[in-house]
Amino acid sequence: MAYKTDTIATISTGLSDSGIGIVRVSGEDAITIVDRIFRSPKEGKSLAKVKGNTIHYGFIYDENKLIDEVMAVVLKAPRSYTTENTVEINCHGGVLMVQKILETVLKTGARMAEPGEFTKRAFLNGRIDLSRAEAVIDVIHSQNEYALRAGTNQLRGNLYEAVSQMRKKLIYEIAFIESAIDDPEHISLDGFYDRIIKIVTELIEEIEKMIQSADSGKLIKEGIRTVILGKPNVGKSSLMNLIVGSEKAIVTNVAGTTRDVLEENIRIHGLGLNIVDTAGIRNTEDVVEKIGVERALSCAESADLIVYVVDSSTELDANDFDIIDFIRDKKVIILLNKSDMKEITDENDLRSAIEGRFKNISSDDVVMIKTSAKDRTGLDEFETAVRNMFFQGKIPMDDEIVITNLRHKEALMDACDSLKLVLKAAREEMPEDFLSIDLMNAYSSLGYIIGEEVGDDLINEIFSKFCMGK
Numbered sequence: 012m013a014y015k016t017d018t019i020a021t022i023s024t025g026l027s028d029s030g031i032g033i034v035r036v037s038g039e040d041a042i043t044i045v046d047r048i049f050r051s052p053k054e055g056k057s058l059a060k061v062k063g064n065t066i067h068y069g070f071i072y073d074e075n076k077l078i079d080e081v082m083a084v085v086l087k088a089p090r091s092y093t094t095e096n097t098v099e100i101n102c103h104g105g106v107l108m109v110q111k112i113l114e115t116v117l118k119t120g121a122r123m124a125e126p127g128e129f130t131k132r133a134f135l136n137g138r139i140d141l142s143r144a145e146a147v148i149d150v151i152h153s154q155n156e157y158a159l160r161a162g163t164n165q166l167r168g169n170l171y172e173a174v175s176q177m178r179k180k181l182i183y184e185i186a187f188i189e190s191a192i193d194d195p196e197h198i199s200l201d202g203f204y205d206r207i208i209k210i211v212t213e214l215i216e217e218i219e220k221m222i223q224s225a226d227s228g229k230l231i232k233e234g235i236r237t238v239i240l241g242k243p244n245v246g247k248s249s250l251m252n253l254i255v256g257s258e259k260a261i262v263t264n265v266a267g268t269t270r271d272v273l274e275e276n277i278r279i280h281g282l283g284l285n286i287v288d289t290a291g292i293r294n295t296e297d298v299v300e301k302i303g304v305e306r307a308l309s310c311a312e313s314a315d316l317i318v319y320v321v322d323s324s325t326e327l328d329a330n331d332f333d334i335i336d337f338i339r340d341k342k343v344i345i346l347l348n349k350s351d352m353k354e355i356t357d358e359n360d361l362r363s364a365i366e367g368r369f370k371n372i373s374s375d376d377v378v379m380i381k382t383s384a385k386d387r388t389g390l391d392e393f394e395t396a397v398r399n400m401f402f403q404g405k406i407p408m409d410d411e412i413v414i415t416n417l418r419h420k421e422a423l424m425d426a427c428d429s430l431k432l433v434l435k436a437a438r439e440e441m442p443e444d445f446l447s448i449d450l451m452n453a454y455s456s457l458g459y460i461i462g463e464e465v466g467d468d469l470i471n472e473i474f475s476k477f478c479m480g481k
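Each residue of the sequence shown is one higher than the one before, counting from 12 in the numbering used here.
None of these hints come from the bench; they were simulated from the model.
Among these hints, one or two may not hold up.
Below 30 Å or equal to it, Euclidean Cα-Cα: the simulated DSSO-like pairs (lysine-lysine) are [unchecked claim]:
{"id": "1", "residue 1": "LYS435", "residue 2": "LYS179"}
{"id": "2", "residue 1": "LYS180", "residue 2": "LYS353"}
{"id": "3", "residue 1": "LYS435", "residue 2": "LYS420"}
{"id": "4", "residue 1": "LYS476", "residue 2": "LYS435"}
{"id": "5", "residue 1": "LYS87", "residue 2": "LYS111"}
{"id": "6", "residue 1": "LYS179", "residue 2": "LYS111"}
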């Protein structure tokens with residue numbers, strides 16, 4: 012992919028009051044451009060003559076007008092993020108100051124960088140592959156500890172290394188087939204089918220393991236969409252406030268106080284939960300409350316997890332049975348709230364109520380936790396239940412590859428489908444050139460992940476989602 016080689020600049024730190032701000036400049040003329048506006052206390056000192064990977068104290072001037080006291084980091088090609096000449100001007104923080112320095116740089120010969128253009132240049136110049144480039148934005152957008160670690164692992168090249176090794180195996184077999192077809196007298200295909208079956212079977216197992224990690228990866232990256240359901244006045248909003256750790260929801264003794272959905276993103280032990288508090292589920296003639304109930308059920312339809320709150324100090328009624336019918340095929344944690352009061356409905360009552368309603372699972376498999384929003388109990392058990400339900404108690408991390416990108420998952424699925432065709436053809440001992448076609452398709456699909464089989468449109472789309480300055 013061709014790209015502009017002119018010099019670009021933008022602000023790489025947030026536009027807010029801060030200790031420092033950074034204006035990044037990259038391109039063949041980056042050092043020359045900054046040198047025109049940079050003045051060192053040492054007479055005659057020029058940034059163009061200093062060594063790379065060094066930092067220099069001085070001042071930025073707009074013609075003869077002093078702008079700020081700065082530190083200029085000089086990185087000479089190819090030892091920089093973009094592999095181009097780069098200067099990072101570290102100035103005093105504050106919106107006005109960094110904007111003024113950027114304006115001066117642009118006036119001196121640079122142009123405004125596009126979103127993600129620095130990382131785009133790093134990719135196009137071969138410093139990083141596309142999977143690592145995408146990991147950059149994942150790290151920036153991380154909303155919880157595990158998403159951050161997943162992005163960091165990918166940034167280190169774990170996915171790139173795995174995909175590259177698989178592609179090496181495939182291209183070797185493709186080249187072997189082509190050579191055997193071109194020169195059958197000197198290259199024998201004896202034992203080829205047994206070997207290719209073994210290799211492809213191992214590759215399919217490896218790819219399928221990566222595909223299976225995508226469900227966990229999506230939850231790690233985006234958070235678990237959690238919807239709180241229950242009748243009015245069972246303590247849903249109080250429990251939400253307890254989980255969130257602040258008074259986000261209005262709590263009263265009046266049934267039906269919550270009329271609309273209330274969303275909050277939280278972290279529990281490093282996990283991200285996108286919690287939605289909803290209107291109490293009941294049959295009602297109140298027009299506004301009825302709309303709230305409909306929205307609650309709509310949110311629950313697309314939820315990853317439903318937290319069904321039951322008031323253990325009252326008996327189950329028709330509204331509870333309606334909720335149980337609604338949630339029977341979904342991932343559910345049942346909270347028996349108000350455990351600080353006299354218990355009228357217990358776990359046995361609930362298990363009896365859901366027997367025959369939940370498909371494919373026993374009522375014994377349904378997680379039930381006693382909670383009290385008043386006494387602030389049950390939260391630790393709830394967090395443990397979430398971890399066990401979605402990650403079997405262990406969140407895949409460290410050096411394990413976790414697929415968090417839908418584009419990567421789709422490419423892996425395409426590669427896997429092609430390899431299954433290779434496996435079928437090899438077992439039937441079909442002509443070798445038939446195998447070569449599907450091997451090449453798998454090779455190309457894997458290349459799509461790391462950026463070796465992608466077009467300009469996709470590259471532009473990916474980097475357009477980046478923030479400015481990265």
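Practice prompt. Report the numbers of all earlier hints that the structure fails to satisfy, in ascending order.
Written response: 2, 4, 6
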